[in-house]
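The primary structure of each chain is shown beneath.
There are 2 protein chains.
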Amino acid sequence: MFTGLSAFPLTPLHNDAVDESAFVRLMVRLAESDVDSIAVLGSTGSYPYLSAGERRRVVQLAAASAGSKPLIVGVGALRTSEVLAHVRAAEEAGAAGILLAPVSYQALTDDDVYGLFREVTDSSNVPVIVYDNPGTTHFTFSTALYGRIAELPGIASIKIPPVSAAAAPERVRAVRAVIPDHVTVGISGDAAAAGGLTAGCDAWYSAAAGTLPGEMVRIMRAAQEGRYEDAAAESARMAPLWELFAEHGSLRVIAAVAEQLGLAHRNCLPLPVHGLGVRERRHLAGVVEKLELA
Amino acid sequence: MFTGLSAFPLTPLHNDAVDESAFVRLMVRLAESDVDSIAVLGSTGSYPYLSAGERRRVVQLAAASAGSKPLIVGVGALRTSEVLAHVRAAEEAGAAGILLAPVSYQALTDDDVYGLFREVTDSSNVPVIVYDNPGTTHFTFSTALYGRIAELPGIASIKIPPVSAAAAPERVRAVRAVIPDHVTVGISGDAAAAGGLTAGCDAWYSAAAGTLPGEMVRIMRAAQEGRYEDAAAESARMAPLWELFAEHGSLRVIAAVAEQLGLAHRNCLPLPVHGLGVRERRHLAGVVEKLELA
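If you read the sequences in order, they're chains A and B.
With the numbering used here applied, the first sequence corresponds to residues 1 to 294, in that order.
With the numbering used here applied, the second sequence corresponds to residues 295 to 588, in that order.
Hints may be right or wrong, so weigh each one.
Computed Cβ-Cβ distance ranges for the label pairs, DEER-style [to be verified]: (1) B/E326 x A/A174: 52 to 58 Å; (2) B/L555 x A/N125: 38 to 44 Å; (3) A/A85 x B/R560: 22 to 28 Å; (4) B/G508 x A/H14: 51 to 57 Å; (5) A/D111 x B/G441: 39 to 45 Å.
One side of the interface only, derived from the structure: several residues of chain A facing chain B at Cβ under 8 Å [unchecked claim]: (6) R79; (7) T80; (8) S81; (9) Y105; (10) D111; (11) D112; (12) V113; (13) G115; (14) L251; (15) P270; (16) P272; (17) V273; (18) H274.
No wet-lab data here; the hints were simulated from the structure.
Every residue gets a Cβ at the ideal spot worked out from N, C-alpha and C, and that includes glycine.
Here chain A stands alone, though its shape is the one from the complex:
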């Protein structure tokens, strides 16, 4: 289950509270789509902005609406004891996997991060995805640290940061060289997905698929069937979306897409993170129309 397309839904807010009906609507769309798993409370799901109570509620709603899809739950937090509480909540909801990012305020050492993954794998049998997202966690994994952590029992997958199509084959080889065979490698950064999958990644952890599952499934299936040129062409067709991701970050763009499609109330992100401005939304509306999204 740590292969294929994993879709990361937003956790839309409305008036500074979780918009439960919008969240469930996004979940049901994903449950009815062809994605391979659903990962709630990832970066796209705004996990670090939510209280423990809000996170627990989101996990319960997700478990009730995921249908037959395996459910992955983000458990990252600044303090180890908080992480362990989120792990317990995910376990209780029957999560098939957990996603753990080494969120930082004080810069973390390799030993700090190894210690965190060891505590989590010691305390739970739920399979763990190592969530390497240096743009938000400000922690940079070395390849050697991947290797150390992947030896821990329960580590199931490593979500690697985006890498160019040209550099992907060597990067995937280098990661595989230090991890056991049962640990999968997943690409992130949706614009990099076709290249990463062509280079042999087993999984794609996708922000865009949380709101636009159909479009991303087309890229994934092409790659899975060995039609790498089709995967690249499908991804190239999405270039106007990837350009917006690069400019504003995927979260603000995908939130605006969801708002535009009527899947979330306007301003669904947690303040102080503001949504796109009026001009950017006008441009985005053109992209949504041109690409016939959703």
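Position chain B against the provided structure of chain A, taking the given hints into account.
Chain B in isolation, oriented as in the chain A frame:
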């Protein structure tokens, strides 16, 4: 009160709970020292690692033990609504000022950060220190943004990041050029303090002074009395401490100093942030002895 030496105490933990007696002991040392103000729940006070309840309790303990010193309270958090709740708790405890850092997970825009400071100054009359700490918040203020924010009513001071003694005069001039006269400029990064004060900073926001007030007061008083060479010499005497700060970050080092001096239990930092290792502690013990700290 947004001038002079502001001391930032640790919030020591013990078994993953706030060590209230150790915290009060640190507070009382500061209340009885010659520092000019006390700033709790700064980066040195581990504010982002603590729950809302823990933070409220720390503020109450601080208010009860600060004596005649003005009390400044860190209110930073990832979500604006959380920040506003911390502001209310600080107000209720009678804080003389609040310290606001634009903590980030998703990268923030200038407009996001301006909006945060506007919401806080709209909602409270407690004077605000703009906490610019890019090493932990991962947000970089432009000088122009200082100017925009400093125009808001209630902005009292700007805590600027460390700057070399050579570059400090020009930097302080550039900041002063964009802010109103009533807004003070405070240096941070203790190794940079003597240079910053010599360049005309009004305040020094000090991690070291939270645990070692006497040593830092000597540097501050020399600068305030215009004895800039004495300030530089006192700071130079502390070079072995500053070298450890540069290598391990001030928090881990000052926590180890507090532990070494019996002011906190061993391992007083919030996991996953580990304290210094055995070898580093041995080296630190030599520095503490050589500098005759505390």
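Cross-check of the supplied hints:
no. : hint                        : in the structure
1   : B/E326 x A/A174: 52 to 58 Å : holds, 57 Å
2   : B/L555 x A/N125: 38 to 44 Å : holds, 42 Å
3   : A/A85 x B/R560: 22 to 28 Å  : holds, 24 Å
4   : B/G508 x A/H14: 51 to 57 Å  : holds, 53 Å
5   : A/D111 x B/G441: 39 to 45 Å : holds, 42 Å
6   : R79                         : holds, 5 Å
7   : T80                         : holds, 4 Å
8   : S81                         : holds, 5 Å
9   : Y105                        : holds, 5 Å
10  : D111                        : holds, 6 Å
11  : D112                        : holds, 5 Å
12  : V113                        : holds, 7 Å
13  : G115                        : holds, 6 Å
14  : L251                        : holds, 6 Å
15  : P270                        : holds, 5 Å
16  : P272                        : holds, 4 Å
17  : V273                        : holds, 5 Å
18  : H274                        : holds, 5 Å
Every hint from the earlier list agrees with this structure, and none is contradicted.
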